[in-house]
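K.L.:
Here is how the chains run, residue by residue.
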Amino acid sequence: MSRKYTAALVGNPNSGKSALFNALTGARQKIANYAGVTVERKAGRLILPSGEPVELLDLPGSYSFDAASPDEAVTRDVVKGTFDGEAVPDVLVIVIDAANLEQHLVFAQEVLELGRPTVVALNMVDLAERDGLTLDPAALSEALGVPVVPTVAVRRRGISELLAAIAEAETHADEEAHKRWHLTLPERRLSAKHIARGTILSKSTRHSIENGVDKVLLNPWIGPVILFGLLFIIFQAVFAWATPFADALEGGVGILSEATTDLVPAGIVRDFLTEGVLEGVGSVVVFLPQIVILFAFILIMEASGYMARAAFLMDRLMAGVGLSGKSFIPLLSSFACAIPGIMATRSISDPKDRLTTILIAPLMTCSARLPVYAVIIAAVIPRTTIGPGIGLQGLVLFALYVAGIVGAMVVALVLRSTVTKGAASGFIMELPRYQLPRLKDLAIGLWQRAWVFLRRAGTIIFVATIALWVLLSFPKADPGESQLDASFAGAVADALHPVLEPVGFNREMSLALVPAIAAREVAVSALATTYAVDAEDEDVAAEGVTEKIAALWSLPTALAFLAWFVFAPQCLSTIAVARRETNGWKWPTVMVVYLFALAWLAAGATHWIAVSLGL
Amino acid sequence: MTLDGFDSERSARITSVDWAALAEDESKRLQALGVDEGAEVAIMHRGIFGTRDPIALRLGNMTIAIRRAHAAAITVEAV
Ligand SMILES: Nc1nc2c(ncn2[C@@H]2O[C@H](COP(=O)(O)OP(=O)(O)OP(=O)(O)O)[C@@H](O)[C@H]2O)c(=O)[nH]1
Ligand SMILES: [Mg+2]
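Those sequence lines, one after another, are chains A and B. Just so you know, the working numbering puts the end of the first sequence at 615, numbered straight through with nothing missing. Just so you know, the working numbering puts the end of the second sequence at 694, numbered straight through with nothing missing.
Hints were generated in silico from the structure; no laboratory data involved. A quick note: this is a predicted structure, and the numbers were derived from the prediction, not measured. Yeah, the Cβ is synthetic: ideal placement off N, Cα and C, and Gly gets one too. Hints should not be assumed to be uniformly reliable.
[Unchecked claim] List time: in silico EDC-like cross-link candidates among lysine to aspartate or glutamate, alpha-carbon distance up to 16 Å:
no., chain 1, residue 1, chain 2, residue 2
1, A, K193, B, D651
2, A, K203, A, E129
3, A, K193, B, E652
4, A, K193, B, D640
5, A, K193, A, D136
6, A, K352, B, E639
7, A, K30, A, D441
8, A, K215, B, E624
9, A, K352, B, D640
10, A, K203, A, E86
11, A, K42, A, E113
12, A, K4, A, E55
13, A, K193, A, E102
[Unchecked claim] Over 12 Å on every C-beta distance to chain B, these chain A residues come out as not near it, computed from the model:
no., residue
14, G44
15, D77
16, T243
17, V277
With the hints as constraints, model all of the structure from the sequences given.
P.N.:
Next up, the structure:
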């Protein structure tokens, strides 16, 4: 039995390494059309034509072994064998962009100097064709002295040839490395130019579409208008398009609830199923359509190449608070979830810049807040339009997102002039070529997000909600007494309420915040469960949480609750990832304390202002 | 003259870069992207109002965004 070999994908950012990784291993790593998507080492398994399994590593994109940012350092360490607890990969697969040889061959040569068994994947040959290039892979192979396989990762073209080449290279894995002569960067650049010239057989003078499209999208006047228009449409769509689907889901939950009531005899089991599982967890699951719509927009922006343009347009604004457009991509990812957002900061080279971005990432409105916002907005904001196609509910949602962004900018400004003081950082970024998003990738991406959301509902949200249900259900109330008053949870609510009463929160809200420390969506399921358990008779329990809030909360109270969630760091996973990425508890502690303080103040200010306005 | 003040959409050759004026990681990144003596570049787009920052450079087959402060450290001549 021979040992198990490892291969690693290396190359410039955005050359299609992760796309190849997925094609070779059947994995579903995130791919997107901007530099710096992959920021950590990922392992998978490919099967050679002989049936032999090989461990394949997907690595962050890198411009050079002379790393300028933490993600590049990972690649250098893995490839050079200095990564913790890991042997040098046996085979290196260099991935280069066929349409940008001059640039990609610079790092490729640096990797080839190591003298390890190597295969070059000449990826994106379809884009090279689009740009009017005719290439000669054999000439490239000759010049580099290693096999070259033309591929189109996203269409799985050239995959079997690549596998065969990897199998061939593997047979040399146990030989001594033939280290090559070291060239300096200018020498490698010059030589890359020569090799590229020898590889390009012909080049038609077709104009690339980028310049024309960017003339509009990066236009100093029209560009920002388009960007904000787009963001505005997204938030309108989240409400407008999701409604029929959300209603259908809600109806489904209602039917299940009735069926359970009919089938299961009255008692603790039925209460558990209806109040805890269906009312509680079900109240979160109905937001699936909203989540899917939001992600559809984000995925299209990522796949098309617009994301980097958005960063370009936002750079000026970010510079105003001491950050750069580089922080924009992690922050934009944080709209999906702060965890990948914080991870994505690894592509920021300046440490203080990176730390600031980590600390403000939780202020971006992540998709976990969407159920909380949506349920409160649906309950207290009328479904009216205030102009052609502009719904008031969508507008309030947009305002909450803006509040998060403005809050983040102010905090960044304060941080940059105090704890993360330092020279303003620069902004250097590749603007990738535009691509039409592929429907299949989009569908897979959406399915993944939907699955993550449902899994959360089935795990952390379920557990937190059930724990609350238990605390709410025991001890049992005497006849005439409210179940909430009698329960353990009531005692918790009473303890917390004095702190939150000044900002307008009622007892149920204070209570809901406790399990919602685990995850924000739990606030919704917790409220739903609390009202369901506390309901005096079955009819009231049948009402949804939205109706309950509409009936029981004043407008200032509801608005204060929304303001709280703009800031409050109610997510254990975010705190954990912040600890990991900052190597200690200091910064997560700073983060949690300042965010809770801001949440309290924002809720208070909202409540007091709303009350004094007579709302 | 510096790239910062150079006309848009006109090819320029970089004659020198004042690396000392730039942060170390930024110098590394610029060099890795091919912004170095001898390279031919052209400013394709300039950023938002007033400051006109950042700028988008055409460099070979790539478009890269940099700040004006970087461009100010780059001396160019017309091609
Ligand atoms: N047209 C075309 N697009 C491709 C090909 N391979 C990858 N892409 C696209 O190129 C973009 C970048 O692909 P990724 O796989 O994320 O690139 P990467 O090298 O992993 O990037 P980093 O993780 O940022 O270093 C994505 O939008 C892919 O859909 C290809 O062969 N042809
Ligand atoms: Mg990748």
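K.L.:
Next, verify each hint and record whether it holds.
P.N.:
Checked hints:
Straight-line distance between C-alpha atoms of K193/A and D651/B comes to about 14 Å, which keeps the hinted pair within the 16 Å bound. Our distance criterion of 16 Å between C-alpha atoms is met by K203/A and E129/A, whose separation comes to about 9 Å. For the proposed pair K193/A and E652/B, the alpha carbon gap of about 14 Å is at most 16 Å, so the pair holds. A distance of roughly 24 Å separates the Cα atoms of K193/A and D640/B; the hinted pair therefore is violated under the 16 Å criterion.
Our distance criterion of 16 Å between C-alpha atoms is met by K193/A and D136/A, whose separation comes to about 15 Å. Restraint check for K352/A and E639/B: satisfied, since their Cα atoms lie roughly 14 Å apart, inside the 16 Å limit. Annotation: proposed proximity of K30/A to D441/A holds, straight-line Cα distance about 10 Å (limit 16 Å). Taking the CA atoms of K215/A and E624/B, the gap is near 11 Å; set against the 16 Å cutoff, the hint holds.
With a C-alpha separation of about 13 Å, the suggested pair K352/A and D640/B falls inside the 16 Å cut-off, and the hint holds. Taking the CA atoms of K203/A and E86/A, the gap is near 43 Å; set against the 16 Å cutoff, the hint is violated. For the given pair, K42/A sits about 24 Å from E113/A by alpha-carbon distance, which is inconsistent with the 16 Å threshold. A distance of roughly 7 Å separates the Cα atoms of K4/A and E55/A; the hinted pair therefore holds under the 16 Å criterion.
Under the criterion of a C-alpha separation no larger than 16 Å, the hint pairing K193/A with E102/A is consistent with the structure, at around 5 Å. For G44/A, the non-interface assignment is confirmed: its Cβ lies about 27 Å from the closest Cβ of chain B, beyond the 12 Å cut-off. Even its closest Cβ contact with chain B, about 17 Å, leaves D77/A beyond 12 Å, as expected for a residue assigned away from the interface. Its beta-carbon lying about 36 Å from the closest one in chain B, T243/A satisfies the requirement of being farther than 12 Å from that chain.
Separation of V277/A from chain B is adequate, the least Cβ-Cβ distance of about 50 Å exceeding the 12 Å criterion.
The structure fails to meet hints 4, 10 and 11 from the earlier list, while all remaining hints are met.
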